[in-house]
Amino acid sequence: MEKATLTFTDVSITVNVPPGTRIIEMSEKVGSGITYGCREGECGTCMTHVIEGAEHLSEPTALEQRVLAENLAGKDDRLACQCRVLSGAVKVRPG
Amino acid sequence: MFPAAATFACPQPPVSEGPVEIVPGVHWIGAFDPNLRSFDTLMKTANGTSYNAYVVRGSAGVAVIDTVDETCSDAFFARLEAVARYDEISVLVLNHLESDHSGALAELLRRAPQAHVHVSPRGLQILRTLLKDAFGLYRISPVTTGHSVSLGDRSLHFLTTPNVHWPDTQCTWLDQDRIIFTCDLFGSHYCDERLFDDLVGDFRFSFEHYFDRIMRPFRSSVAAALDLIEPLAPAVIAPSHGPILRANPGDYLRHYRRLSSPRFGFGAGTDKTLAILYISAHGATAELAQAIRDGAAEEPGVRVSLFDLDRGELHPFVDLIEEVDGIALGTPTINGDAVRAVWELLAKLVDIETKGKLGAAFGSYGWSGEAVRQVEARLQGLKMRLPEPGLRVKLEPTAADLAEARAFGRRLAAHLTGRAPPREIDLADLAAR
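Chains as they are written, first to last, in the numbering used here: chain A, -12 to 82; chain V, 485 to 917.
Keep in mind the hints are simulated off the structure, nothing from the lab. Hints may contain errors.
Using 27 Å as the maximum straight-line C-alpha spacing, the simulated DSS-like pairs for lysine-lysine come out as follows [claimed, not checked]: (1) Lys832(V) <-> Lys756(V); (2) Lys867(V) <-> Lys16(A); (3) Lys878(V) <-> Lys16(A); (4) Lys62(A) <-> Lys839(V).
Covered stretches of chain A (in silico footprint by chain V; criterion: 3 or more residues with CB under 8 Å from a CB of chain V, positions within the stretch not fixed) [claimed, not checked]: (5) -11 to 3; (6) 9 to 17; (7) 52 to 58; (8) 61 to 69.
Just so you know, even glycine gets a beta-carbon here, dropped at the ideal spot from N, CA and C.
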């Protein structure tokens, strides 16, 4: 099985995760400041800045694209409750 | 005892008093709610409040800026009708969509469906929810800083000022008259029909209290909004609650800047600051606190302070936590729970900005030790980062426990300075956290 790692720089932790893991599933467990609000992709509370490895994340859905735009997100920002780590190394911090 | 009906009905819309001119062509068309005694359950409102809405008339259009609480709609529409026909309204600006400002929105759009709605991008999702199926019936545009709309000889310019105090908040600038419509920013829950700051009673207490309860948790967002507003040097600040500020608007800008600045502008220099606050039933949690303090103090560039929660006042601790970079909170577990003083402190932290601070929990317990994890959950809810799993010790700490507490303190301090070594863990490790 392909390996993936997810690094949360605000708590200096890298987690070895199964491909397909949503960022929010790990961020709460490791104590990162990336926390959820609605958990349904609506509120933008879990905005996450992707420092490295954006290409290893799932493509944003139409819902995520809309919420990112409405929250004036930068090009490297994603919603932790929506996007999944597919492979490789991804490094994030709270957005 | 508060009047039972006060919260639910605008008692006596003083329709006969009509709109109030701010400058020719710009009118206040809001409503007074003198009997409101509790706002959003957040704060008491000892002499009520006002919901301020405005009309701006230009040579080629009329704009309405915000509406009022639904209970006060009659007064709002009566005042609006005194200065404009519904078919003249070309622009509707929604600076903030909380119900006390959007309560008349749906009805206003039914009466003036041609109005072009201007709202912040973040306001769109709330607007969809408010208007439901009618959302698609109207012309609605998201606007940000740099966007403007012309009314002919007047134009409105938008400033994106999020999180003062909702994500959707924005301000609107009328440059020809140098009036800034700030919605909740610069507001007061102070009801006085004389309306202008140079005519009303002494509302300074209400102005400051409003900041403390509504704006303080978003202090950095207020500062960012001021960065946009101060260079405009407005002649009038027109908020959505309380007096319109026209006598010395610069004074209010400067006061807001002070209120949104760090409370302790002295002392710590460039050092990171860690406050360890604890409460101890039999001394075990106090021993842990001291050991954590000793360990953290070994880290260069970190100032560590230690406080017994049981021997201090709540509000100064809240002020302290607002300014420090990190906190470690110690509590015993009593009856399967953190103790009351800890919960009281944690409840008060909603009044300050805590996002991104370092948080940690520790404590001694007798049987089950739930308190540490309960405190951690609350700290995460406050959007703090918790890089170290909480430290739990059964009964009296041993020498090994105290050594681990010192190491815990060292690690917390290292996270503050950015010198914490990176760690790599597997999913299975997380189950143990």
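- Restraint check for Lys62(A) with Lys839(V), where alpha carbons must lie at most 27 Å apart: holds, 22 Å
- Query: When you check the alpha-carbon spacing of Lys832(V) and Lys756(V), does it fall within 27 Å?
  - Reply: holds, 23 Å
- Below or equal to 27 Å on CA atoms is what counts here, so check Lys878(V) against Lys16(A). Judged against 27 Å, a Cα distance of about 23 Å means the pair holds.
- Query: Taking a Cβ-to-Cβ distance below 8 Å as contact, does the segment 52 to 58 of chain A have at least three residues touching chain V?
  - Reply: holds (count 4)
- Query: Within the assertion that chain V covers the segment 9 to 17 of chain A, do at least three residues meet a Cβ-to-Cβ distance smaller than 8 Å?
  - Reply: Coverage by chain V holds here, the residue count being 4 at a Cβ distance below 8 Å.
- Message: Can you confirm whether chain V covers the segment 61 to 69 of chain A, using C-beta to C-beta distances below 8 Å and requiring at least three such residues?
- Response: violated (count 0)
- Message: Between the alpha carbons of Lys867(V) and Lys16(A), is the straight-line distance 27 Å or under?
- Response: holds, 13 Å
- Check whether three or more residues of the segment -11 to 3 of chain A sit with their beta carbon closer than 8 Å to a beta carbon of chain V. Satisfied; 9 residues make the cut.
Comparing the model with each numbered hint stated earlier shows that hint 8 is the single one that does not hold.
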